[in-house]
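Spelled out from the first residue to the last, the chains are:
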Amino acid sequence: MSVTVEQIDAAAEAAARRRAAIRRYTRHPGFMIGAVGIVLLVLVALFAPWLAPHSPTRTDLMNSLAQPSATYPLGTDQFGRCVLSRLIHGAQVSLQVGFFVVLISLSAGTIIGAVAGYAGGWIERALVAVIDILLAFPSFLLALALVAARGNTLDSIILAVAIAYTPRVAAVMRSVVLTIRPRPFIEASRAIGLTPWKIVLRHVIPNALPPVIVVATVSAATAILAEAGLSFLGLGVQPPTPTWGNVISEGQTAITTNPLISLSAGLCIAFTVVVLNLLGDGLRDTLDPQMRRSTGKLL
Amino acid sequence: MSALLEVEGLRKRFGGGRALFGAARPEVRAVDGISFTLARGETLGLVGETGSGKSTLGRLVLRLIEPSEGRVRFEGQEVTGVSAAALRAMRPRMQMVFQDPYGSLDPRMTAGAIIAEPMTAHGMARAEAARRVAELLGRVGLSPAMAARYPHEFSGGQRQRIGIARAIALDPALVVLDEPVSALDVSVQAQILNLLAEIQARSGVAFLFIAHDLGVVRHVSDRVAVMYLGRIVEMAPRDALYGAPRHPYTVSLLSAVPRPDPAKERNRPRIRPIGEIGSAAALPSGCRFHPRCPRARIVAARGGETVEAAGARLPRPCVEQDPLLAPAGEAAHLAACHFPDEA
Amino acid sequence: MTAAFELRGLTAAVPGEKGAVRLVEEVSLHVRAGETLAVVGESGSGKTVTFTSALGLLPKPGRVIAGEALLEGEDLLKLSPEALRRRRGARIGMVFQDPLTGLNPVFRVGEQIAEVLRAHLPISRREARERAVALLARVQIPDPARRVDDYPHQFSGGMRQRVLIAMAIALGPRVLIADEPTTALDVTVQAQVLDLLGDLRDAEGMAMVLITHDLGVVARQADRVAVMYAGRVVETGTVAEVFAAPRHPYTISLFRSIPDVEAPAGTTLAPIAGSPPDPARRPVGCAFAPRCFAVSDAAGCRSARPLLIGAGHEAACHRQGAAELAA
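Residue numbers (our numbering), protein chains in the order written: chain A, 63 to 361; chain B, -7 to 335; chain C, 15 to 341.
In isolation and in its complexed conformation, chain A is listed as follows (with noise of 0.2 Å):
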């Protein structure tokens, strides 16, 4: 009997605790400035066809390089199609390129990292090994082989970009792995007899991940970044695909007539870079659970 009554007591208790949660979040700028911010990008890159006001790639020969006007409110480019509808449907490609390179950069660099940080050993010295080079190896001319080898679709491009900053979400992996190894309640894991995998899975993983999530959000902000500047230099997602990079470079032979276009293109770039590293700031300081001590600790 008592027992349901305690249940309940831990129900509302954990209810609690989620609302404190919450406005531990609400409360941070950073973060709401961030979230804010994606959310407005995704939302424009779902509902892109509804929001431009004209087709991506329909050219309008007579209306080339138009300065801003009712009908194309940031102009047009070289062939006449609408900045302002490039640049809505642009937003799809970077939001693809980052999630899925985060996606894939996160889940493989993190369980490479948790492994080589927790086996130690050989098995560690193996794939340090493996994370050196592939950091020492320069990620753009990576990025350009892959492209050349694969050809220059989207997913060329993700791959490209995800495997260039697997090793970077590794290597911080790892490095806070070392750093959680020795901690006794590892110790007190192993001590209850769990097996090596469910102490990563369980213990070392959920304790690393919050610096990792923050080194992996602003790594989206690069690898949007990154691709912008493949398609700058023609390797990325081909014309005429409205990309961000795209409308730089086809901007640019246009630069001193109508600097609209790529710069329109490159605050694009900036502001999506800006709220990945506000939200990334912002989990920074609201993921770690110490943080959630109201007093100081001064006794």
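For the record, the hints were derived by calculation from the structure and aren't laboratory data. We treat Cβ as the ideally placed atom computed from N, Cα and C, and that holds for glycine. Treat the hints loosely; a few may be bogus.
[What the hints assert, rightly or not] Computed spacing ranges between beta-carbons, pair by pair:
| id | chain 1 | residue 1 | chain 2 | residue 2 | range |
| --- | --- | --- | --- | --- | --- |
| 1 | B | Gly303 | C | Pro136 | 38 to 46 Å |
| 2 | C | Gly280 | B | Ser195 | 20 to 28 Å |
| 3 | C | Asp157 | B | Asp314 | 23 to 31 Å |
| 4 | B | Pro261 | C | Val298 | 22 to 30 Å |
| 5 | C | Thr281 | B | Gly130 | 46 to 54 Å |
| 6 | C | Ala258 | B | Glu0 | 31 to 39 Å |
| 7 | C | Ile137 | B | Pro261 | 36 to 44 Å |
[What the hints assert, rightly or not] Coverage of chain C stretches by chain B, computed from C-beta distances (three or more under 8 Å per stretch; other residues unrestricted):
| id | segment |
| --- | --- |
| 8 | 161 to 172 |
| 9 | 232 to 242 |
Dock chains B and C against the given chain A, drawing on the hints supplied.
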């Protein structure tokens, strides 16, 4: 009846060999030939100073560290030498409580999840484990409603209760307690000691109780082993050891404890400064206590064959022969000293 | 005879979510030259904060909001930070618990002692070094002329604590504050360090404050004792009086919860239930009331803060007398 735990000639060496660029690294003999047995339901107190190897011994017994030599048998089964899977299968029966109540609980898990973990890891259904968690929290004096809280929301004493609940969750036959109360305040220490006594009385679990506080060890132990530089130098039933210590190191330890009695403290003879515990990387020859031993100096002054060592003249056996743990006085009283009968 | 060091009504606080959180409240203590005052309490009792506050070392945002800290009659809390810095080290020395963190691992032991000397005295490097050797000898470090050039890691824990003591007494302070100086040390080493502290106090005629949680250390070393609980002094008196007949239920309970090495076999421990209150959530009335065996609503335990009363041997309890009966 056979013993619950049998430890034979256990040794652990760390380091040794050569570093990458050829500098020889000193070998540390943290545990250097230890044998003892522990009966069901018994508490063996293990005391010693920092560097005596007592924590290493506790971990070797549970094979959380691989021994370099020697064997451990638990409930008649080999612990040393068996596969990792076989060892995991034995874990439910032998558990550990750690010194650091802050560090030994995963900060990202709730108290309930921490206590449930050993049960689910060894195949108990989640619902059953959850029910047991409520019961275990009650048994260690916490409210079942606290299961949803995270470790940082508990005081040090409460955290240690969670660590104890986790250790007894699977009804073990042996719990190694590594300094379980040394991080706690005096008033909380007593709560935990009483809780442990109560758990033992109810379940008949045996304790290997590692501590540096002689008062605490005396309070909880049936038998006490004193460790010095990787060896047990004296082992005896509690009252024999505290009442009539045979090894000069035990004598020094006991006389150094400040007691809450001003009258006695004021009149106590000053302790002869005996220096500090040496390093297990550079063990003295013969008896490892001889550089600090006050008794060796007294015996030498009385005559007999002596040699020059540690800046004094000491009896030859003390410097040249490693004393074995041998009966001294009563049968169950063992001491590793060449002169166990000196006062 | 006036006190070498005296605190009057010291109150220190940190800003909290719901107003200032008082870490220590109205602490009054004094210690005379040649005497040792032990300050006893559990973690969070404010025993350390009391002295860090008095010496202007309380980490921000903590601050002293009331009271005086008199060093030979001069209020330290009224001094400029620079003047206070000059008093610390020179006239009031400090030894802390952890002998490892107190020393900088990359400098030689002798250099660190010399640094203390040269920060306060116009002496040459050479002279400072000579004095460092002499100080190491004073704290009974064997072969000081050689050890002066060693690094801290070449010293054992007890030796490092001796070095820290040498630094604390380098300038001949009138008051030495030792915060848990032997807690991190093994029992045989602890005894040696305590003896050394006692010898130095007698030889120099210093006033000594020994902050500790160990009643055995108090019995051995101190003349008078102040017991702190939840930021306040709850009992004070000579060690002989307090140990022979403790008056505050907290002190009484503390004695009953220590596992003593010489207690008769079969003695059961009587622990104090619960744990000390969070400074931000101290109960109204007596802070010990929720854990007290003698608590009584009629006596005002849950409504009024008890004051220290008594002559010489004082206790802050509404139930004095009754408490001893219950014991």
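Verification of the supplied hints:
1. B:Gly303 to C:Pro136: 38 to 46 Å: holds (40 Å)
2. C:Gly280 to B:Ser195: 20 to 28 Å: holds (21 Å)
3. C:Asp157 to B:Asp314: 23 to 31 Å: holds (29 Å)
4. B:Pro261 to C:Val298: 22 to 30 Å: violated (50 Å)
5. C:Thr281 to B:Gly130: 46 to 54 Å: violated (27 Å)
6. C:Ala258 to B:Glu0: 31 to 39 Å: violated (51 Å)
7. C:Ile137 to B:Pro261: 36 to 44 Å: holds (40 Å)
8. 161 to 172: Coverage by chain B holds here, the residue count being 3 at a Cβ distance below 8 Å.
9. 232 to 242: holds (count 4)
Consistency note: the structure conflicts with the earlier hints numbered 4, 5 and 6.
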